[in-house]
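Protein chains in written order, with the numbering used here: chain A, 1 to 257; chain B, 1 to 319; chain C, 1 to 257.
Take these hints with a grain of salt, some might be off.
[Stated by the list, open to error] Sample of chain C residues with no beta-carbon within 10 Å of chain B, all distances over it, derived:
1. Arg20
2. Pro79
3. Asn100
4. Glu105
5. Leu118
6. Ala162
7. Ala177
8. Thr180
9. Met188
10. Met208
11. Gly213
12. Leu246
[What the hints assert, rightly or not] Capping the alpha-carbon separation at 16 Å, the derived lysine to aspartate or glutamate pairs in EDC-like fashion look like this:
13. Lys96(C) - Asp224(B)
14. Lys111(A) - Asp87(A)
15. Lys96(C) - Glu77(B)
16. Lys135(B) - Glu77(B)
None of these hints come from the bench; they were simulated from the model.
Quantities reported herein were computed from a predicted structural model and do not represent experimental measurements.
Beta carbons are placed, not taken as given, at the ideal position from N, Cα and C, and that holds for glycine.
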Amino acid sequence: MNVINIAHGAFIMLGAYTSYWLFVGPMHLDPFLSIPLAMAVLFVLAYLTQRLLVNQVVRAPLLTTFLLTFALSIFIANLAQVFWLSDIRSVTTSYSGSSFALGPITVPWIKFWTLVIAALLTLALQTFMTRTKLGRAIRATSMDIDAARLAGVDVARIYALTFGISGALAGAAGSLVSVSYAITPTMGDSFVVRAFVVAVLGGLGNVTGALVGGLVYGVIESFGALLGEGYKDVVALVVLLLVILFRPYGLVGKATA
Amino acid sequence: MAARRRITYTVLALLALAALLPPHLNGYWVHVLTLFFMMASLAQAWNLIGGYTGYASFGNVAFFGTGAYTCAYMMTEMHWPFWGAFVTAIAAAGLFATVLGTPILRLRGHYFAIATLSLAIGTQALVQQLPPLGKGSGMTLPINSNFHFFYWVMLVILIASIVVTMFIARSRFGYALSAIRENEEAAAVLGINAAVAKVAAWTVSAGITAAAGATFAYWSSFIDPPTVFDLNFNILMIIMAMLGGAASVAGPTIGSFVISAIGEALGAQSVSPWHAVVLGAIIVVIVILLPRGIMPYLAGGPSAWNLQMLRRQLRASRV
Amino acid sequence: MSAVAVAAGPALAARDIVVRFGGLVALGGVSLEVAPGEILGLIGPNGAGKTTLLSVMSGTLRPNAGAVLVGGRDLTHIPAYEITRLGVARTFQVVKPFANLSVRENAAVGALFGRHGLRRSFSAAFDAADAVLERSGLAAFADRPASDLTLADRKRLEIAKALATDPEILLLDEVMAGLTPAEVDQAMNLLRSVNASGVTLIVVEHVMKAIMGVSQRVVVLDQGKLIAEGRPADVVANPLVIEAYLGKRYRGGTRGA
């Protein structure tokens, strides 16, 4: 849809905090169960953000959206810092440390379920995009705003909805990472870059590609760690550069231009 | 565009006058102005590749860091004097831009943005791994407490960047860049070697950026990767250039001035996140209302026409 | 071909041009020649490969096989900007003005980088630009931004930009599309005057009046192959050509334009 959302990291952070507060609050909600709630909260937030702010600049050069969402990410992250301080929080559940054996490998339960849920959400998104009327409207709008409008699509609403879905997914991601990573107002930063790398690896606009990209990236990052913990990022980014230069449509994507 | 030319000359005149200020200012203001000159230079440099050529680089901060670290290395390990290190820093960044720019500038839109973003992050990550560069703990440089010296060096870099932009804008090279920005395919069929032009623009941009980086390193006496490869720098460069008016000669300097002034007014010295919250909000408003920056209004006609232009721009950007 | 042409050799010769897009054969071995100073019309139903052929000649597209010979050199191995500097210029079907530059500056870009561009001084280039604008009837708009122009004027600007490069051979891609009959007449006159000054023209057109009125020779493409060649009146009466445009008479339905 031509909207590069730098604030995606901030949305993930909000999702993580949502799960955190639901976990330590009176309800003691398990983080995996709080996923739908985090998704709902972020959906609304993202929908409103798009409707009121980002929609104003969608047809402006790409750079404008970039800057707008960047400013938003600063706004959100620092607002979080004002209210929740920079203290590192974490969500530790009763099963945080446990794992099961798969042959010679030990698989932590949390990572396993994270993978399962991520796969399910991807499948759900893919089905939504290809099988529902709304999903088709979104894809049509992303191909040609004016043609979609002429076909009767309420383009402003579609943009807001798409962003809302993106926000919901960020919320889910936030819930999923709340059990594995430290929760701070600036945690979003490292995720945004990785999100972009994965998206490009899988092919921009390709839903299943993103899942494949994520897996590939995870493997690359882990191998990169063999060179030394710090080289993880270097290797990942070199790979990204190479992919962009030689297969810009992603490892999985087909040239659609 | 006589109005724009007048604006450029006014800015240059004001900057020339600023050279006389230091004896009359206290240390705080010398510091603030030096920082302003630096950010404005970075914005001017960014404008060459981002504004004129239309390739929004998120990797220019990599050149800033390269300049800083080259200077630090040459001064500490090779014991060179500042000016030698300064020139080496510019050459290093220029080479970096030429070599990596050749493949990267073949990309467009999202891909170019992401590639340059990873260039910035990747360079930082690499520097963090190299022992001669102090790995992650940073490098110290010889101390020079003559703060007026740095004030004047940064001021000269800024003036030089404006003058360079001015010459480019009026030259054949400048027209090639503008044509590429407007429509690269059309530019090619009119005889413009776009690949060479783009790389040349990025190289010049890198050189100026590295000059500022090298000076910053010497000025601060201590640099570490998170400081000199800070992506927020890059974003600031872009916002300043866009606010002032990308693809204009003095726009980035004017934009820097406005943003710096706002930062000062909000209390730049405070570490409170509220400062960033307000700045973020202001940038949101600016980006929505001024997609072309201030320059069209500064250089334009009577106010009624400007309001109409603003409304037209807003309507054109809306979904 | 005229006697003059036979004596001098072709200005441009395309030999066995093959262009494939994946499985689709856009051009299946097309050869043609244009004599110096000639106006060659290139017609054919939509999808015949006309624009593709022009793109190969101007260096915007590399063919899978074949050669384009101008002045003894094969253009298919030369980048587009160098081809222009050799004297082959083109216009685009979807016009590409430099929207934020003035009309004069648009033409000046061509004058600065075209055939003699790099040897010209700045002021000489701007003078040449003004002269071209005068010929194209755009002198009144010289200081206006190109985005201010109407479609018809933008098409004229497209031609003016190409002319400013001082070409020996000019490739025109559907410059008449979308013009009123009066504007078509004006465009035809412009083309004739350009040709009179010694420029060889290859004109891709759908507007029959223009082709008939301006071309000395016409070549017809259909589905990537050359199916007819000759004088305008002869070609239009050729049953193969009629079939290409209108489909087999008794099969019902229409194929192509």
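To see whether the hints hold, each was checked on the structure:
1. In this structure Arg20(C) is separated from chain B by more than 10 Å, as the shortest Cβ-Cβ distance comes to about 22 Å.
2. Chain B draws Pro79(C) into its interface by the beta-carbon criterion, the shortest separation being 8 Å against a cut-off of 10 Å.
3. Not every beta carbon of chain B lies more than 10 Å from that of Asn100(C), the smallest distance being close to 6 Å; the non-interface claim is violated.
4. Separation of Glu105(C) from chain B is inadequate, the least Cβ-Cβ distance of about 7 Å not exceeding the 10 Å criterion.
5. Distance to chain B contradicts Leu118(C) as a non-interface residue, since its nearest Cβ pair spans about 8 Å, not more than 10 Å.
6. Separation of Ala162(C) from chain B is inadequate, the least Cβ-Cβ distance of about 8 Å not exceeding the 10 Å criterion.
7. A cut-off of 10 Å between C-beta atoms confirms that Ala177(C) is not in contact with chain B; the least separation is 18 Å.
8. Annotated as non-interface, Thr180(C) keeps its C-beta farther than 10 Å from every C-beta of chain B; the closest such distance is 25 Å.
9. Every beta carbon of chain B lies more than 10 Å from that of Met188(C), the smallest distance being close to 23 Å; the non-interface claim holds.
10. Taking the minimum C-beta to C-beta distance to chain B, about 27 Å, the non-interface status of Met208(C) holds against the 10 Å cut.
11. With 10 Å as the threshold on Cβ separation, the claim that Gly213(C) sits away from chain B holds: the shortest Cβ distance comes to roughly 27 Å.
12. For Leu246(C), the condition that its CB be more than 10 Å from all CB atoms of chain B holds, with the nearest at approximately 34 Å.
13. Annotation: proposed proximity of Lys96(C) to Asp224(B) is violated, straight-line Cα distance about 47 Å (limit 16 Å).
14. Pair hint Lys111(A) plus Asp87(A) does not hold up; C-alpha atoms about 25 Å apart against a cutoff of 16 Å.
15. For the given pair, Lys96(C) sits about 53 Å from Glu77(B) by alpha-carbon distance, which is inconsistent with the 16 Å threshold.
16. Distance hint between Lys135(B) and Glu77(B) is fulfilled; the C-alpha atoms sit about 14 Å from each other, no more than 16 Å.
Hint compliance for this structure: hints 2, 3, 4, 5, 6, 13, 14, 15 are not met, and every other hint is.
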